[in-house]
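Visitor: Residues per chain are reported as follows:
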Amino acid sequence: MHPLLRLLACAALSTAVIGSACGGGTSEESAAPKPAAAVTNPVDPATASAITGTVTLQGTPPPNPSINMGSDPYCMKLGAATTPVFVVSDDSGLENVFVYVKDGLGNLKFPVPSSPVVLDQKGCSYTPRVFGIQVGQSLDIVNSDETLHNIHALPMANREFNRGQALRGMKYTTTFTAPEVMLPFKCDVHKWMNAWVGVLEHPFYSVSGKAGAFALAGLPPGSYTIEAWHEKLGAQTQQVTIGAKESKKISFVFKV
Amino acid sequence: MLHLFAMLVAATTGLLIFAGGLVTSTESGLSVPDWPNTYGYFMFFFPLEKMVGGIRYEHTHRLIASTVGFLILVLAAWLWRSETRNWVRRLGSIALAAVIAQGILGGITVLWYLPDPISIAHASLAQIVFCLTMTIALVTSPGWKRAYAAKEGTPLRRSGRQGPAPDDRLLQRVAAVTTGLIYLQIVVGATMRHTGAGLAIPDFPLMFGQLIPPHWDPKIAIHFAHRVGAVIVSLAILAATGHVLYHHRSRAELRRPSLLLLVLLATQVTLGALTVLSQKEFIINSLHVVTGASVLVTSLVLTLRAHRSRFAGATGSRGRSYAGSTEEDPAYGLAGDHA
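Each protein sequence line maps, in turn, to chains A and B.
One point on numbering: in my numbering, the residue at position 232 of the first sequence is 232, and numbering is uninterrupted.
One point on numbering: in my numbering, the residue at position 150 of the second sequence is 150, and numbering is uninterrupted.
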């Protein structure tokens, strides 16, 4: 064979070999949900405290980007929509902010809830958009749409997965093995679909709702670092010290 | 007939590269999470009405890829049955092996969530498959078989030449180096695309308003390497085509790919600039990919044609010409090429 053609053949084979040798594969199969660990709740109800408060937005946010759902006739029928990046109430309360205890719980271990968290693909969007879950707690991902979705998790500390749900009513259950704030999900079929989950080893988290309100209840007395995370505006932290049976109010103010 | 079929295979391979470019440009690579099935369906039974969003690009890419794989299988079998030149038959087998490897790389990159090395290898091997199919199309052509000598009875004025392909060693070297540089440039481009460095330098023709980027990170370095590569490749193409147009203007088999190369180069540079300026608009971006592949195979055709006389002497009479003859040309697989 002519040297040029031999070179071409070698290039073909070496490219394939190098490519297949370099990838770091992971199994797509998710671990089956583990049963809740038998840990006694270390919080004494008699001394449990709470941190409540609000998240507000200062300034006028940019308009939420409109979504072009033209790539899927089913989604398009749902009508015009916008990506809910900034959901702000009349009194400037900011929704969809993940507020959690970032530090201060020491080595305390908390039982894993036996009830699953549900992430629904409904109306060609994720419900909820921002949520929390404990390590080891089941996450049920369901498809309530008459179209197909893929649910693609993009973690840093957990195992990546990408599952297809071609039919309405399909469910995929998974768990996370390591704490991670925040872990994003996306649908590669519908590019506008995004969600974020905060994976924690404890139950002290909340997502700001209407008027930006949140509550972290059942905390043992102590000093904590509280973090508030927003998908566009980043994170803020505050130090809070609470005594037994105390309820403390704090507020986070994001600016645009 | 075989030559026509080989050209069809090469053309569909080019189409496949464009479809693959669309998948990456629209970030649809993982919109079908399983492989080789599609959402649990056997690939060819996946309902058309479910081809929505990113699936349209990814699944269409898979369908075209399967078609190309089948066509290359037929081509390899056809060559095996009817081609007398052993090395051409082997080319068919290599193309088949390459397209199978390419399919497996495509599957692995989906199942492993698009790891950069696999995705880059997938993009780079695609170019090799294109080169192989184009090479087969070329070496099965009537022009190649008669060593580009004028057809019997063709007036000299019309054919532009009478003798066989020239044995211009300088052109052979320049063309071969140019083809190699284009391939390297495409690999750098694939690395840039798959590592998300396509807009690491957001302006054009300057870089952050300057001739040299004022700050660096790995993505800027990759992007910068692609721009520098474009300059080097452009100079190499200008050297190769300039040599042809100055020394071999009368040789249509060299002049035509040279002129095409110049047109493709201008198109490719324009598309590269527009890719940056349009913030990677997906059609422009994909056209940049497939035009790059076209530059590569056109340069390969020029290189192989420039080497045509050396093929003719492959069995011991390097440099000899076999003008207008088929029976006496060892490269045709007669005279002991069946071993």
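Please keep in mind that the hints were generated in silico from the structure rather than gathered at the bench.
Given the structure is predicted, the values throughout are model-derived calculations rather than measurements.
One or more hints might be untrue.
Straight-line Cα separation of at most 25 Å, DSS-like style, residue types lysine-lysine; simulated pairs [to be verified]: (1) B/219 - A/171; (2) A/191 - B/280; (3) A/232 - B/280; (4) A/232 - A/191; (5) A/109 - A/210; (6) A/102 - A/255; (7) A/109 - A/77; (8) A/191 - B/50; (9) A/171 - A/191; (10) A/77 - B/50; (11) A/232 - B/219; (12) A/191 - B/219; (13) A/122 - B/219.
Selected chain A positions facing chain B (Cβ under 10 Å, derived; list incomplete) [claimed, not checked]: (14) 151; (15) 163; (16) 164; (17) 165; (18) 169; (19) 191.
Here are a few chain B residues that sit away from chain A, every Cβ distance over 12 Å (derived from the structure) [stated by the list, open to error]: (20) 31; (21) 40; (22) 57; (23) 212; (24) 227; (25) 255.
Glycine included, C-beta positions come from ideal geometry on N, C-alpha and C.
Visitor: Work down the list of hints and note, for each, if the structure agrees.
Guide: Results for each hint:
1. A threshold of 25 Å between alpha carbons decides the hint, and for residue 219 of chain B with residue 171 of chain A the separation of about 39 Å lies outside it, so the pair is violated.
2. Proposed proximity of residue 191 of chain A and residue 280 of chain B is supported: the alpha carbons are some 16 Å apart, at most 25 Å.
3. For a cut-off of 25 Å, the pair hint linking residue 232 of chain A to residue 280 of chain B stands: about 23 Å separates their Cα positions.
4. For the given pair, residue 232 of chain A sits about 17 Å from residue 191 of chain A by alpha-carbon distance, which is consistent with the 25 Å threshold.
5. Pair hint residue 109 of chain A plus residue 210 of chain A does not hold up; C-alpha atoms about 31 Å apart against a cutoff of 25 Å.
6. The hinted pair formed by residue 102 of chain A and residue 255 of chain A meets the criterion: a straight-line CA distance of about 22 Å does not exceed 25 Å.
7. Only pairs whose Cα atoms come within 25 Å are accepted, and residue 109 of chain A paired with residue 77 of chain A is rejected, the gap being roughly 47 Å.
8. With a C-alpha separation of about 16 Å, the suggested pair residue 191 of chain A and residue 50 of chain B falls inside the 25 Å cut-off, and the hint holds.
9. Proximity of residue 171 of chain A to residue 191 of chain A is assessed by CA-CA distance (about 21 Å); at most 25 Å being required, the pair is judged to hold.
10. The hinted pair formed by residue 77 of chain A and residue 50 of chain B meets the criterion: a straight-line CA distance of about 15 Å does not exceed 25 Å.
11. Proximity of residue 232 of chain A to residue 219 of chain B is assessed by CA-CA distance (about 23 Å); at most 25 Å being required, the pair is judged to hold.
12. Annotation: proposed proximity of residue 191 of chain A to residue 219 of chain B holds, straight-line Cα distance about 24 Å (limit 25 Å).
13. As the CA atoms of residue 122 of chain A and residue 219 of chain B are separated by approximately 37 Å, the hinted pair breaks the 25 Å bound.
14. A least Cβ separation of about 9 Å between residue 151 of chain A and chain B falls short of the 10 Å threshold, and the interface hint therefore holds.
15. Evaluation of the residue 163 of chain A hint against chain B yields a held restraint, the C-beta minimum of about 6 Å falling below 10 Å.
16. Given hint, residue 164 of chain A at the interface with chain B, holds; its Cβ is 4 Å from that chain's nearest Cβ, closer than 10 Å.
17. Given hint, residue 165 of chain A at the interface with chain B, holds; its Cβ is 8 Å from that chain's nearest Cβ, closer than 10 Å.
18. Because the smallest distance between the Cβ of residue 169 of chain A and any Cβ of chain B comes to about 14 Å, over 10 Å, the interface hint for this residue is violated.
19. With 10 Å as the threshold, the beta carbon of residue 191 of chain A comes within range of chain B, its nearest partner Cβ sitting at about 7 Å, so the hint holds.
20. For residue 31 of chain B, the condition that its CB be more than 12 Å from all CB atoms of chain A is violated, with the nearest at approximately 4 Å.
21. Against chain A, the non-interface label of residue 40 of chain B is violated: not every CB pair exceeds 12 Å, the least being about 6 Å.
22. Not every C-beta of chain A lies more than 12 Å from that of residue 57 of chain B, the closest at about 10 Å, which undercuts listing it as non-interface.
23. Listed as a non-interface residue, residue 212 of chain B keeps its Cβ farther than 12 Å from every Cβ of chain A; the least gap is roughly 31 Å.
24. Listed as outside the interface, residue 227 of chain B is consistent with that label: its C-beta sits roughly 24 Å from the nearest C-beta of chain A, beyond the 12 Å cut-off.
25. Separation of residue 255 of chain B from chain A is adequate, the least Cβ-Cβ distance of about 21 Å exceeding the 12 Å criterion.
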